[in-house]
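Peer 1: Chain residues, written in single-letter form:
2 protein chains.
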Amino acid sequence: MQRHLGDLLDSKVGGDVTFEVGGELFMAHRYVLAVRSSVFMAELFGSSMKEKLSNRVRIDDMEARVFKILLRFIYMDSLPEDIDADEKTVVAQHLLVAADRYNLQRLKLVCEDMLGTSVDVRTAATTLVLAEQHACQWLKDACFGFLRSPGKLKAVMATEGFQHLKNSCPALLEELLAMVAP
Amino acid sequence: MQRHLGDLLDSKVGGDVTFEVGGELFMAHRYVLAVRSSVFMAELFGSSMKEKLSNRVRIDDMEARVFKILLRFIYMDSLPEDIDADEKTVVAQHLLVAADRYNLQRLKLVCEDMLGTSVDVRTAATTLVLAEQHACQWLKDACFGFLRSPGKLKAVMATEGFQHLKNSCPALLEELLAMVAP
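Protein chains in written order, with this note's numbering: chain C, 1 to 182; chain D, 1 to 182.
Chain C on its own, in the form it takes in the complex (with noise of 0.2 Å):
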């Protein structure tokens, strides 16, 4: 089943809407996005909005590699394989938005589980702040234990993430000096 819904991607056949991302095209069929999100059920078939009307989608925010990831997950329920190993964190956090913005609660766990697993000094502080805006407390969890590490804090705290965290997020600091105060 998932391998027809995934040919049927590729073939484009019946294709009734198309996704501008990135200055990339993507047809995809309405009924398929609508049963598996509720939000492209809304945004697609709901009464007040211009998607309806049109065949056309545009989506600002998102790269179209990760459109592209987050359409074949929509239709076949699993990840490439061939996703590069040095990009695997990146495309996971941009998945980890996209899945959240679409409600698309299993994608969502994928990549909760993919950047948990793979915490280290250089995307803490970045999954660490995603986590807590997508409210995902395992993976919150998960980045705090390996802050709590020896020498993990300080050298995740010299890194740029960490002054988009210190930003974004200052309520973070605080449950961050809450865990490590002696």
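Heads up, a few of these hints could be off.
With a Cα cut of at most 30 Å, we get these calculated DSS-like pairs of lysine-lysine [as the list claims (entries may be wrong)]:
#1 D:K152 - C:K166
#2 D:K166 - C:K166
#3 D:K166 - D:K152
#4 C:K154 - D:K12
#5 C:K154 - C:K88
#6 D:K154 - C:K152
#7 D:K154 - C:K166
#8 C:K154 - D:K166
The hints are simulated quantities; they were obtained by calculation from the structure and are not laboratory data.
Chain C is already provided as a structure; the job is to place chain D on it using the hints.
Peer 2: Structure of chain D alone, referenced to chain C:
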């Protein structure tokens, strides 16, 4: 000499300026204030200050009891010995602000010493904010030393003063975090 200046303050003889602070009036001698404080010098003898033309100076944002101690220190170079023990820290906090405002360096050091040697859970956060805002590095270090002891930071984080710290000096959160990071 200091006793005689104290007598001069009490007797009001030759007083040529009256301060109105928190509803109370204090008579003083322009020259005494000016030789001790460059700020009073500028305010009372500067070319453009309205205080120069008036015999009455109103000071806002200061409590009468604090101004009274400030005046006494200007004349006698010492603090009264009858400051209520319960209020000592709060008075010293206010006096530190006043000393900085009138550029009374020795009074500032005396206040720093009073505050730094009596840091406790109740007062640590507010004292730390004052140390930061008035560039008192020694006092800041004293607060940090206190907060480094087991259990202290956690206890201080539960105080109202810490809420004030968070809001007025968020950068201190990061410094505290760097200090206690494992």
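Peer 1: None of the hints should be skipped; say for each whether it holds.
Peer 2: Going down the list of hints, with the structure as the test:
1. D:K152 - C:K166: holds, 24 Å
2. D:K166 - C:K166: holds, 12 Å
3. D:K166 - D:K152: The hint holds at about 17 Å.
4. C:K154 - D:K12: violated, 59 Å
5. C:K154 - C:K88: Given pair K154 of chain C, K88 of chain C holds - Cα atoms ~24 Å apart, limit 30 Å.
6. D:K154 - C:K152: holds, 21 Å
7. D:K154 - C:K166: holds, 20 Å
8. C:K154 - D:K166: holds, 20 Å
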